[in-house]
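Peer 1: Can you make the complete structure from the sequences, with help from the hints?
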Amino acid sequence: MMLSAHVGGLGVLGPGLSNWPEAAAVLSGQQAYRPAATVLPMPTILAAAERRRVGRVVKLALAIALEATSQAGEDPAELASVFSSSGGDGHNCHELCQALSLAGREISPTRFANSVHNAAAGYWSIGTGAMAESNVLCAFDASFTAGLLEALTQVAVDQIPVLLVAYDSEYPQPLHAKRPIPDAFGVAMVLTPKRRAHSLWRLDAALSDAECERFADADLEALRCAFPAARSLPLLRLLAARGGGTSILEYLDVSRLQVRIEPCA
Amino acid sequence: MRPLLLKNFTATSCIGKGTAATFGSLLERRSGLKSCEFETVNIATHIGEVPGVDAARLPENLYKFECRNNRLAELALQEDGFFEAVQHAASRVGRRRVGVFLGTSTAGILQTELAYREREPVSGALPPSFEYGSTHNSFSVADYVRRRCRLDGPAVAVSCACASSAKVFGSARRMIEAGLIDAALVGGVDSLCLTTLYGFHSLQLSSPAPCRPFDVARDGISIGEAAAFALLERVPDNLDGDSVLLLGIGESSDAYHMSAPHPDGLGARRAIQAALAAAELEPGDIDYINLHGTGTPSNDRSESRAVTSVFGPTTPCSSTKGATGHTLGAAGALEAVISALALKHGLMPGGVHTNQIDPTLTALYIRDNRRAPVARVLSNSFGFGGTNCSLILGRAA
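Protein chains in written order, with my numbering: chain A, 802 to 1066; chain B, 12 to 408.
Because the hints were derived from the structure by calculation, they are not lab data.
Watch out, some of these pointers could steer you wrong.
[What the hints assert, rightly or not] For the chain B half of the interface with chain A, some residues (derived, Cβ under 8 angstroms), not all of them: (1) Thr123; (2) Pro165; (3) Ser182; (4) Arg185; (5) Glu188; (6) Asp265; (7) Tyr267; (8) Gln367; (9) Gly396.
[To be verified] Here are the simulated lysine to aspartate or glutamate pairs, DMTMM-like style, with alpha carbons at most 25 angstroms apart: (10) B/Lys355 <-> B/Glu291; (11) B/Lys45 <-> A/Glu875; (12) A/Lys979 <-> B/Glu142.
[As the list claims (entries may be wrong)] Over 10 angstroms on every C-beta distance to chain B, these chain A residues come out as not near it, computed from the model: (13) Gly817; (14) Ser819; (15) Ala837; (16) Thr845; (17) Ala849; (18) Leu901; (19) Arg906; (20) Ala922; (21) Asp959; (22) Pro983; (23) Asp984; (24) His999; (25) Ser1000; (26) Cys1026; (27) Ser1048; (28) Ala1066.
Virtual Cβ for every residue (Gly too), placed ideally from N, Cα, C.
Peer 2: This is how it looks when you write it as structure tokens:
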């Protein structure tokens, strides 16, 4: 069974990759990949008080969502969204667990409210005024592909444009030793049922048994493996190449997702 | 939307293991809330604890998944012939054609809370036995259930706070309708932990007494735990009139505040209207509303406004959280199962613990059980981050 959508704007942020054009240059081989710490911008769509409250994972999600929607020329307030992340705000989680392990067990109400897995989606809705449906998923290392599948079924079945935001950031120690995500990486894209002015590619996807695609470049393969959201990189490479093609994305232990890309002429 | 059949369903909460015990408690207006004695928690509050959770054993090959949340899932899977019904569906349509969509807010985070007490004094390291991915991570419960039931279809955890396990019905519906799968195991599992008990306490949102939804003196929630599951399939040609169908689902976002609902319930209203539109029904077609009804002053005010703005003041509604507590990420699925029982048995369960209905809340809140045919039920679930989901369930005939 094939699921199809048109892909508009993209947003990418990660170690050594500060936006989609930079990621595209690296993935298409025009520029060497130079890993460097991810630089997260201040989320300008939030009021000053909220800006102070949000953690790295929320800044990451909002930055890539804004890049994707502005590139696609879509009004964020009108888009349904799918947020998918393998974990929430690791620093916030650590602070809560730490406080709960101490005698007083005094925890900050703001930290608790921010501990929900859908915090980034909530702040996105507050910052943009989006009242459409927003789903928030987790599938551990399969979170990117699970999010893409959910977004594609919204596009195919409900015939609505959807913003997909997949993002992960690190836990501090001691959780870091158990879940060693090294930094922050995220990817966002706008998927629409019909071709629009800003549509750049047509995407067809189907579940597959084939082996997932890996990178020959050691740094890029390390990046792909380090972040669940970076399991999207083989797809991003197809989008960067502009010529189209087919790739196999990692998903669950029992299945992969085949994606085929055709540029919109 | 095309309706879906709830081929089988089950729920385990503090009011009962399985649907027979759950229905018995609703019929006798029994609450499962009691004074909190959970773990080492030292808060004056009431909770809805499921007895015997930690006595449940996971199969040996899934020992990595050992945590309270997965034990609760295991307990619930064994009720109402649910596990067998899933196996039957899998053998009929194929293991790859059954998806797993489970809602949770905190999954097995209790495991991490306990591990933080056992950190190595010098290095601060967590104990070697601690497993993150199969306990703490939100996906752990979906991963446990798919492995336990040996299902190879798409699987995901939905974690939208207290709307999580209502929203799973939407994800499953889309995947069935897109043709990727033929059946879906949906539901929600959330279990007691310190994060939520101390967290809601820090926000002054938990009541010292058993929660009293829609009461003039309501002062917060009582946290509960539950696991509830349904097996969704396309509607077959020959259908028993007693069968329960998912007729509509509506989702929305408040775009207002992280931990407070929109005061006029605008997001809630949008979700209710979307569910009615999806089901192609009018407000007058709904016989009973199972409210989100948490018992906080702001939720009940906002929800009452949303409900009356769509239905007026004459549609009977109640919250079953006075009986079960607020089971957070499991509430949507638990209340979908309670709604299914209301349809099957013709019971509108009156809200327990509510003494004097707040006169400023205009929705028709019922305190006493009503026995009458119920053809269609709306069930509301709302969560932190301003996420809203309404389900409409109905009898086949």
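Peer 1: If a hint holds in the structure, say so; if it doesn't, say that too.
Peer 2: Verification of the supplied hints:
{"no.": "1", "hint": "Thr123", "verdict": "holds (6 angstroms)"}
{"no.": "2", "hint": "Pro165", "verdict": "holds (6 angstroms)"}
{"no.": "3", "hint": "Ser182", "verdict": "holds (6 angstroms)"}
{"no.": "4", "hint": "Arg185", "verdict": "holds (4 angstroms)"}
{"no.": "5", "hint": "Glu188", "verdict": "holds (5 angstroms)"}
{"no.": "6", "hint": "Asp265", "verdict": "holds (7 angstroms)"}
{"no.": "7", "hint": "Tyr267", "verdict": "holds (7 angstroms)"}
{"no.": "8", "hint": "Gln367", "verdict": "violated (29 angstroms)"}
{"no.": "9", "hint": "Gly396", "verdict": "holds (3 angstroms)"}
{"no.": "10", "hint": "B/Lys355 <-> B/Glu291", "verdict": "holds (22 angstroms)"}
{"no.": "11", "hint": "B/Lys45 <-> A/Glu875", "verdict": "violated (51 angstroms)"}
{"no.": "12", "hint": "A/Lys979 <-> B/Glu142", "verdict": "holds (7 angstroms)"}
{"no.": "13", "hint": "Gly817", "verdict": "holds (27 angstroms)"}
{"no.": "14", "hint": "Ser819", "verdict": "holds (28 angstroms)"}
{"no.": "15", "hint": "Ala837", "verdict": "holds (27 angstroms)"}
{"no.": "16", "hint": "Thr845", "verdict": "holds (17 angstroms)"}
{"no.": "17", "hint": "Ala849", "verdict": "holds (15 angstroms)"}
{"no.": "18", "hint": "Leu901", "verdict": "violated (5 angstroms)"}
{"no.": "19", "hint": "Arg906", "verdict": "violated (5 angstroms)"}
{"no.": "20", "hint": "Ala922", "verdict": "violated (6 angstroms)"}
{"no.": "21", "hint": "Asp959", "verdict": "violated (7 angstroms)"}
{"no.": "22", "hint": "Pro983", "verdict": "holds (15 angstroms)"}
{"no.": "23", "hint": "Asp984", "verdict": "holds (18 angstroms)"}
{"no.": "24", "hint": "His999", "verdict": "holds (24 angstroms)"}
{"no.": "25", "hint": "Ser1000", "verdict": "holds (20 angstroms)"}
{"no.": "26", "hint": "Cys1026", "verdict": "holds (15 angstroms)"}
{"no.": "27", "hint": "Ser1048", "verdict": "holds (19 angstroms)"}
{"no.": "28", "hint": "Ala1066", "verdict": "holds (27 angstroms)"}
Comparing the model with each numbered hint stated earlier shows that hints 8, 11, 18, 19, 20 and 21 do not hold.
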